[in-house]
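4 protein chains.
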Amino acid sequence: MDNISRNVEEETNLSQTANVYFDSEDVHACIVTCGGLCPGVNTVIREIVCGLHHMYGVNEVLGIEGGYSGFYSRNTIPLTPKDVNDIHKRGGTILGTSQGEGGNDTGKIVDSIQDRGINQVYILGGDGTQRGASVIFEEIRRRGLKVSVVGIPESVDNDIPVIDKSLGFDTAVEEAQRAINAAHVEAESTENGIGVVKLMGRFSGFIAMYATLASRDVDCCLIPESPFYLEGPCGLFEFIRKRLTENGHMVIVIAEGAGQELISESLSAMNKQDSAGNKLLQDVGLWLSQKIKDHFAESKKMAITLKYIDPTYMVRAVPSIASDNVYCTLLAQSAVHGAMAGYTGFTVGVVNGRHSYIPFYRINEGEKKVVITDRMWARLLSSTNQPSFLNPKGTQLTKP
Amino acid sequence: MDNISRNVEEETNLSQTANVYFDSEDVHACIVTCGGLCPGVNTVIREIVCGLHHMYGVNEVLGIEGGYSGFYSRNTIPLTPKDVNDIHKRGGTILGTSQGEGGNDTGKIVDSIQDRGINQVYILGGDGTQRGASVIFEEIRRRGLKVSVVGIPESVDNDIPVIDKSLGFDTAVEEAQRAINAAHVEAESTENGIGVVKLMGRFSGFIAMYATLASRDVDCCLIPESPFYLEGPCGLFEFIRKRLTENGHMVIVIAEGAGQELISESLSAMNKQDSAGNKLLQDVGLWLSQKIKDHFAESKKMAITLKYIDPTYMVRAVPSIASDNVYCTLLAQSAVHGAMAGYTGFTVGVVNGRHSYIPFYRINEGEKKVVITDRMWARLLSSTNQPSFLNPKGTQLTKP
Amino acid sequence: MDNISRNVEEETNLSQTANVYFDSEDVHACIVTCGGLCPGVNTVIREIVCGLHHMYGVNEVLGIEGGYSGFYSRNTIPLTPKDVNDIHKRGGTILGTSQGEGGNDTGKIVDSIQDRGINQVYILGGDGTQRGASVIFEEIRRRGLKVSVVGIPESVDNDIPVIDKSLGFDTAVEEAQRAINAAHVEAESTENGIGVVKLMGRFSGFIAMYATLASRDVDCCLIPESPFYLEGPCGLFEFIRKRLTENGHMVIVIAEGAGQELISESLSAMNKQDSAGNKLLQDVGLWLSQKIKDHFAESKKMAITLKYIDPTYMVRAVPSIASDNVYCTLLAQSAVHGAMAGYTGFTVGVVNGRHSYIPFYRINEGEKKVVITDRMWARLLSSTNQPSFLNPKGTQLTKP
Amino acid sequence: MDNISRNVEEETNLSQTANVYFDSEDVHACIVTCGGLCPGVNTVIREIVCGLHHMYGVNEVLGIEGGYSGFYSRNTIPLTPKDVNDIHKRGGTILGTSQGEGGNDTGKIVDSIQDRGINQVYILGGDGTQRGASVIFEEIRRRGLKVSVVGIPESVDNDIPVIDKSLGFDTAVEEAQRAINAAHVEAESTENGIGVVKLMGRFSGFIAMYATLASRDVDCCLIPESPFYLEGPCGLFEFIRKRLTENGHMVIVIAEGAGQELISESLSAMNKQDSAGNKLLQDVGLWLSQKIKDHFAESKKMAITLKYIDPTYMVRAVPSIASDNVYCTLLAQSAVHGAMAGYTGFTVGVVNGRHSYIPFYRINEGEKKVVITDRMWARLLSSTNQPSFLNPKGTQLTKP
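Residue numbers (UniProt numbering), protein chains in the order written: chain A, 1 to 400; chain B, 1 to 400; chain C, 1 to 400; chain D, 1 to 400.
Treat the hints with caution; some may be incorrect.
Identical chains blur together in the list; that is why a pair holds if it fits in one copy or across any two.
[Stated by the list, open to error] Pairs of lysine-lysine residues, derived as BS3-like cross-links and limited to a Cα-Cα distance of at most 27 Å, are as follows:
#: 1; residue 1: Lys-279; residue 2: Lys-291
#: 2; residue 1: Lys-108; residue 2: Lys-242
#: 3; residue 1: Lys-165; residue 2: Lys-108
#: 4; residue 1: Lys-301; residue 2: Lys-242
#: 5; residue 1: Lys-291; residue 2: Lys-89
#: 6; residue 1: Lys-369; residue 2: Lys-89
#: 7; residue 1: Lys-279; residue 2: Lys-293
#: 8; residue 1: Lys-279; residue 2: Lys-301
#: 9; residue 1: Lys-369; residue 2: Lys-108
#: 10; residue 1: Lys-301; residue 2: Lys-146
#: 11; residue 1: Lys-291; residue 2: Lys-301
#: 12; residue 1: Lys-165; residue 2: Lys-89
#: 13; residue 1: Lys-301; residue 2: Lys-108
#: 14; residue 1: Lys-293; residue 2: Lys-369
#: 15; residue 1: Lys-82; residue 2: Lys-165
#: 16; residue 1: Lys-165; residue 2: Lys-369
Read the hints as simulated data drawn from the structure, not as lab findings.
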């Protein structure tokens, strides 16, 4: 049985006679990027190409354009060290992207891999993409092809399980500071000014949490993992009223996936028969901003000025900062070493501080989430002094 | 008749026996900031305080908090060179602001000026604010008070007439590049990707025009001064279809005041009986993005991916760049020299490259607008190669 | 006599029958960049290529690599709109550069122009380069060639006469703020901390002056146009002592061309028979820093901590800011329109706010300098409150 | 025996009856910052003050100005959450600093602590400072005072042993990219252009190594841990010659502590009898630049253009980036929890990913250094493809 057909978890070093499984001249590698943008993707592309070339003398690397469907719907493009020399200074992905999951034809993808003689497939993307990679890997194994399939996990939300941190995450938190600063300046400059900033995080509030901890200007951070409610003595409206009374202004950071159940209730309560506009209210930032404005307009107790900022695309489309560049470089080199050694069916990642190879099935077990009983969330609560929203009826606990 | 009571247009130097009208020890100056935020306001505050102190030995400068209403509803705060030493490194205004126009009681404002013995009033703000300044000036003249009223025009939209350029404008154009860059990266990274960026400019499209010229990544710039239409062979939808077919992606910049008549039509056509959501569609950026998405979804000819960015508050809440800092410094010094010489009822500004004193009534004659028959707009059209939208029925002119 | 052979000063529009002198298909343009780097050069290159292509349908544009000598020592490279699409986001020049003046063989340059059939030559560079352009123009005229020679003046020092402002200047002043900020932070953090920042400006102190005015953290600005002296009751050492005594820290900005006569004296006084190290002291920043350290070490009155920053290359190697991008675009378009209309032997530039064509001989009449009796320098003196150094023996004039 | 007198290594939780040793109202804390600047120091100060206040209700926190000597030579300043609210947005230290080691009178410091009734001392600084902290701790123990002494290790060089990473390190690596970018642009723009960048690192080359890995534009990285030589077939000069021949330009990064033995040799070989200038050559960046210029001038084989950049103060005087802000916050909270629990004589730090309390003597055992036989340095060598300089006589190994 050939080592390439085995999963990395079965054996640590499958190639029992040599550390390098592939001959350089036999390697035909390809790289594909899927899913949403994330700072650092171009750095990973660059370092796979340069790593294969400089460390192993591999010269055949192809780029697949436009995500998975590019395998069968587009021409490939050659990638040499010269082509990728400066790409890490740009945001986005030079290969283009499309949705990682669903709608792609695994059979045709593997046909393309087989027909083109590709034997190393590097796949960058989030959880949907990694699930797709797993299916491609299974199909390749079923066909008995000697092809190494390697995932590089990429999710700006930092919601990929097992691994310590997603690439591009520090850059996203850094860039989010601009939006929070602007919200703070706007809020401070008017009486009862409220700045609301929506940050990424459909299932996990990591960006919101770290951006809040880094900024120190945030009064309330709302994330999917920690439900909240608007009304009542311990609700958000009352907290806003108190904070404005004390300080005269405040900043709220909300992750895009927070408060989804509240939105559902709220929209089903509306006369929803038509409205183009109501679709927009499914965006939690627009919805919450409207709710707060309506509340204070109706209550007539307090005239507020609310400024809403959604910096999502400005956060994720920037080039990566230096620490993410180093991180991406190491991930790419780890991926290259793994593939060259004949491993397949794994995702690279740092686990407890060590570069590791993780079987696909482990990475595909749901999202990593903020644990709201853990220290980091406690630190956030202590920093913002916001309500824990644990008890909708009870009295507010001033401190966690 | 005292020189302080005259308008600057009547005579150039009213103080006929001396260049300095006020004795330093007699000066009681105050500064008030009104209207929307704009980069550079803190620099102007700093330089009025430091200019009065260092150039004339004036030590009594007060800050009025929260805009015009702060004259009668709040305590003043003392401003010394030490207090304002670092404020130019921050966005916003340390004095706070509120709407410049309407709802303020001129009588109470002038009472406060009179009662507190203030004899120099420095007023920062846009057109509404300057109109308010004019009314205050008239009331002061009516009462025969020896008070110098000086306006420093501040509108990030650059829509103040007579003067060459508003303070903070270059900073706003600079900061807008981030949003356009992000839109460009997002658009480039997907098939038929469209990035839409809304920029400030209710009546005038200067920020949108200059940001487009500076970026070179924009395919279409829509401003209030140049009407456009969506449908038809020369409409926006068709232009989008063509540009996507040619390039695979595009960036649209739209000023907040563009296309207002289209929105009105569009919203009145909707079943508008209710909807909280529909209010959001009065925002031209959200409205246009929805329209484009709907059009391509319905036409089924082309699957597009649209990303919308509204960087407004991130653009206007930043500290000013160096060139604006110098500009603000010179404006503030000009204001101080004018007031100390006994001039009143004027706004400072650079006109045809020269620092000038402009009577209030001149600055209050409507907004400055982009002249779409002028060279700068022609340069933009030549740079984006967008349709001129001049003839809704006719054929598209490929070049101006 | 052909219009191309005439100097622009002789007639305004030489082509008497048409506004466009060249047919698009006949144009063979080339671009060369010489002298030191300056932010915005790549923008100009981009806009010449795109302007010729989009506005006139010209497709033949060549890049000359490595400055003037590239005409005869290197291959040319083709420049299309696609090639230059993103170059304005990079610092430096994609064409490379070398010294603009001297050592280049005019005959061989013009031979190359003639042999390659080039009929439009765009030359970017400072005063040396423009003098070279003038010589090339004369030789072309002597040979009776129908070649348009156009200069685009580029000097980060802003020392080019006649024109209002050099391209890249605002960017340089902006970037210089980082160095001044760092110097200020370092100085503030230690007792008797002195931060010294050297900025560009061999003959003219514009960058130093504007960077000082923009920053407000500078205590003393030394430029070539305003001599200073070290010793005596009104000398720099005494001013430093006073300022440190009052404030505990200070920042000095010095232009590279300031104090040259003091350095000469100082170095000739040294035992200079050998020293590799002494060469370094011809750098005014290193020299002044050493002098200040030695003075306070010897005087034993005050222990100082001096930090020296030379940000020269970090300032001039950045991409241009938005306002410079617009400026470069307009200059390039102006150059293209001029050449296409058949003008030759001129430099483009903004003069009193208007885009103008300036004959070479006017631009080559010495450097533009800061006029120290003008308002701007007075503003600087009032801002820093530094001595005027006008009278080495007399008493210090405290201030207006 | 009181728990406060024990070292943290002796027992983990000294306070056997309660988690909190101090009563809030009894705490009199002080903070002192020593040694060179480092991004993030103000964040730590802020979070100690806010952590004590918000988490424990402590209101008495003093700032000691100007480093250790401030204990006896200056007044203290009160620090409240309001005072420190915005300081994390500024570089440097609001408390000022001075050399951490030597010349300070431990007796007088402890007298001041005792006389002022201070019972928590937070000390920020590098290895010298931590050694000083250890001595202060011993003296406090000798006198039997119930004072908690806590170190927060701060060295931008990242050379503190035991801990994973120093605060501010990521910021420094980020900021160093600007200098490397500028060097790269300058080098690329001239024929045989060489950019030399000196980065911090007297004993350890971490900043140089990570900045090189992050940038990808560096051709050679020289650090104290890896000796190099100039001459010979495997020397630096020959490597430069080869790289220039291949690529036409190159960038060299050198840590300030690299090549010290070469400088000594070189300077002792010079006629050093006098020269002020020669002192400057003890700066390895200036020295190396001169050596390279001299070599190529003498050899006459190749005309080079060398640009030298020393961004040291611009790198270390900036505010910290978001990830460092979070890191500083957690360190400060860890310090506060430790002190409040009654621990003393320890430094806080992250060790193998965990926040830990480290006894002073462990942190004072020499510098952490780059291990040049480890993976990270191998990655760097593979990335730059520079010579390993392991064998001065032998042939160059192309790859590690």
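A quick look at each hint next to the structure:
no. : hint                : result
1   : Lys-279 <-> Lys-291 : both (15 Å within a copy, 13 Å between copies)
2   : Lys-108 <-> Lys-242 : neither (59 Å within a copy, 30 Å between copies)
3   : Lys-165 <-> Lys-108 : neither (33 Å within a copy, 47 Å between copies)
4   : Lys-301 <-> Lys-242 : within (12 Å within a copy, 53 Å between copies)
5   : Lys-291 <-> Lys-89  : neither (40 Å within a copy, 32 Å between copies)
6   : Lys-369 <-> Lys-89  : neither (30 Å within a copy, 30 Å between copies)
7   : Lys-279 <-> Lys-293 : both (18 Å within a copy, 12 Å between copies)
8   : Lys-279 <-> Lys-301 : between (30 Å within a copy, 23 Å between copies)
9   : Lys-369 <-> Lys-108 : neither (34 Å within a copy, 52 Å between copies)
10  : Lys-301 <-> Lys-146 : neither (71 Å within a copy, 40 Å between copies)
11  : Lys-291 <-> Lys-301 : within (15 Å within a copy, 37 Å between copies)
12  : Lys-165 <-> Lys-89  : both (21 Å within a copy, 25 Å between copies)
13  : Lys-301 <-> Lys-108 : between (63 Å within a copy, 24 Å between copies)
14  : Lys-293 <-> Lys-369 : neither (30 Å within a copy, 32 Å between copies)
15  : Lys-82 <-> Lys-165  : neither (30 Å within a copy, 34 Å between copies)
16  : Lys-165 <-> Lys-369 : both (12 Å within a copy, 26 Å between copies)
Checked against the numbered hints above, the structure violates hints 2, 3, 5, 6, 9, 10, 14, 15; every other hint is satisfied.
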